[in-house]
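Could you put together the complete structure from these sequences and hints?
Chains A and B, in that order, are what the protein sequence lines are.
Every number in our numbering is 17 more than the matching position in the first sequence, counting from 1.
Every number in our numbering is 44 more than the matching position in the second sequence, counting from 1.
Source of the hints: derived by calculation from the structure; they are not laboratory data.
Since the model is a prediction, treat every value here as computed from it, not as a measurement.
Here a beta-carbon is modelled for each residue, glycine too, at the ideal position from N, C-alpha and C.
Zero decoy hints are in this set.
Sample of chain B residues with no beta-carbon within 12 Å of chain A, all distances over it, derived:
1) T49
2) I50
3) L59
4) G104
5) D106
6) Y123
7) T164
8) I167
9) S174
10) F182
11) L183
12) L188
13) M205
14) G211
15) I288
16) V295
Ranges of calculated distance between the beta carbons of each label pair, as one might list FRET restraints:
17) A:Q291 <-> B:P48: 54 to 62 Å
18) B:L315 <-> A:A213: 29 to 37 Å
19) A:R194 <-> B:L322: 29 to 37 Å
20) A:F46 <-> B:P116: 43 to 51 Å
21) B:L103 <-> A:S285: 34 to 42 Å
22) A:G93 <-> B:F128: 57 to 65 Å
23) A:L331 <-> B:L315: 50 to 58 Å
24) A:Q291 <-> B:A266: 22 to 30 Å
25) A:E206 <-> B:F160: 41 to 49 Å
26) B:G223 <-> A:F46: 47 to 55 Å
27) B:E168 <-> A:G250: 25 to 33 Å
28) B:F99 <-> A:G93: 52 to 60 Å
29) A:A213 <-> B:R161: 49 to 57 Å
30) A:E206 <-> B:A172: 49 to 57 Å
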Amino acid sequence: MKGFAPIVVVVAGLAAVPLLVHSNVVLNFMVVTLMIALAGQGWNVLGGYGGQYSFGHAAFFGTGAYVTAVLQVRYGVNAWPAFSCGIAAGAVVGAVIGGLAFRSGLRGSYFALVTLAFAEVLRISASVAPITGAGVGTLIKLDLRAAALQFDSRAIFYWVILALVAVALIVTRVIERSRFGAWLTAVRENEDAAMALGVDTFTVKLAAMTISGAITAAAGCFYVQYFLFVDSGIAYGTWISIEALLVPIIGGAGTVFGPLLGALVVKSLGEGAQMMAGAAPGLDLVVFGCVLVLVIGFTPRGLIGAVDALRRRLRGVRPPPVVQEAGHG
Amino acid sequence: MFSPTILIPAVLNGLMTGAVYALVALGLTLIYGVLHIINFAHGALLTAAMFAAYFAYKLGIDPYAAVFVIAPVFFGIGYGLQRFVIGPASHADDRNMLLVTLGLAVVIENALLYAFRADTRTIEVPYAFSSIDFGFTFLAVPRLVGFAAVFVVALALWLIMTFTDTGKAIRAVAKEKLGAELAGIDVAHVYAVTFGLGTACVAIAACLLIPSYYVNPSAGNAFVLVAFTIVVLGGMGSVPGALIGGLVIGVVESLSSLFFGESLGQMGIFLIFIAVLLVRPRGLFGARA
Chain A
18 MKGFAPIVVV
28 VAGLAAVPLL
38 VHSNVVLNFM
48 VVTLMIALAG
58 QGWNVLGGYG
68 GQYSFGHAAF
78 FGTGAYVTAV
88 LQVRYGVNAW
98 PAFSCGIAAG
108 AVVGAVIGGL
118 AFRSGLRGSY
128 FALVTLAFAE
138 VLRISASVAP
148 ITGAGVGTLI
158 KLDLRAAALQ
168 FDSRAIFYWV
178 ILALVAVALI
188 VTRVIERSRF
198 GAWLTAVREN
208 EDAAMALGVD
218 TFTVKLAAMT
228 ISGAITAAAG
238 CFYVQYFLFV
248 DSGIAYGTWI
258 SIEALLVPII
268 GGAGTVFGPL
278 LGALVVKSLG
288 EGAQMMAGAA
298 PGLDLVVFGC
308 VLVLVIGFTP
318 RGLIGAVDAL
328 RRRLRGVRPP
338 PVVQEAGHG
Chain B
45 MFSPTILIPA
55 VLNGLMTGAV
65 YALVALGLTL
75 IYGVLHIINF
85 AHGALLTAAM
95 FAAYFAYKLG
105 IDPYAAVFVI
115 APVFFGIGYG
125 LQRFVIGPAS
135 HADDRNMLLV
145 TLGLAVVIEN
155 ALLYAFRADT
165 RTIEVPYAFS
175 SIDFGFTFLA
185 VPRLVGFAAV
195 FVVALALWLI
205 MTFTDTGKAI
215 RAVAKEKLGA
225 ELAGIDVAHV
235 YAVTFGLGTA
245 CVAIAACLLI
255 PSYYVNPSAG
265 NAFVLVAFTI
275 VVLGGMGSVP
285 GALIGGLVIG
295 VVESLSSLFF
305 GESLGQMGIF
315 LIFIAVLLVR
325 PRGLFGARA
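Next up, the structure:
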């Protein structure tokens, strides 16, 4: 149980927040931050551990959101099973896109491009298909009962998203310590070598993308229950693809707590920038983009990597040598 | 079901839009061919150049004259970005380069949004709606100018690549980076020059577009997604591929909008894109994946 103690401590600490802070603004901020952390955790499984950089995680977020909303509004399904179906749908979309992309051997930039294209195709489809409410979007009826997965208190919403984040943290830790996690890391470090050693890289990547899709879809399902509205720009927009990859990279890709830390830091900075310069569209994203470039430039292993390096230095331990892959140009 | 009087103008208009697509794609493929990265900041740089052309017009400079200032300025911007931001920040790792260019795209696009809001702006040049009668069809002057200019730029690029020392250095680095470095070529400089040339291509495209198009902080995105498609279709790093791919995509878009309507026409491009990526990722003219 050793690796799980930090998760328990962090989650318990975060769970106490609504008991100490009653401001709705702060709680709302925390709910959105945790939602982004969850979406980022999904990206982290595939991108952080597996090294497959997706630029289109909106495909999963949006599918989760739309399935949850459409099942409730058009088919009268209860919110709880609809939520679960949303997560399952995210896994299916992950498996389909992953299956196609990895079967064709797409790597690196090509993989990023094809995920981006799939997200765009889904966005355009959702903006014209009648079932999604086309351009108008889909509204969920206000029904503040636990049976409808809606709550009149933000604190409860906060605990729901925290519970989802906790599950994602545990799943990530389990993956990290499993044989599957080792294969996944091997694929990231050197796919050809992993293949030569007998790792079934196709299946490993496909499994990672399926899990990744499910986790990010859960964030989309939560979005709908929280805001009770979804349209194609929200669900499949580039904003979520970017935030889902931003937070793990900034926090520390391929670490359990990276996305959570990244989301807290990034969202606080965005909020701070808005406070300093007044609410204006675009400003927070300018800050995010700058932080992204700075983090990659100065601490490629993210903030967790930076803290790690600092700790080693204080203890007088020399940092491990950074092995750089030779460029293939 | 459609008579030639509708089809022929649609094809010709498609070819002309395609030429501008080709120019955007040319910049992208040039950068890919040498640096082996997909420049995700390409669209944002196109938008920035369109704003530059817009404000140049507000100062009284015609876009077709402004191109001689804007293109060199954007060459400098591209050079600086690669030399001082992308190069140092990415530590020669492909995945990092991808992320850094994406980060730059986010910064540029949203800085423009912050500065100019989401308003859509257009300019009114006297020749915006003038057209030439070819007997069987009318063609808009700005598009004809764009069409011709693209081939001039492609020719100029080819001359630079073939006959100048810088061009030879670029080709050497593209072929064999380590060897070029050993032969005394400053690779960081060549990378930056290439990035600058690619950025100058979008600056020229911006000046050709602005008389007949609009600009807002996300205007470039539409073009760059198309440009990705073209580059993938034509083969990453292939210059003739980008030109032919651009023209093909322009016609496909024009015809599919005619048959299926505007938004589905756009989807046709993405479906081609995904299909090419999945079936033949090295493209029609690309040498390798």
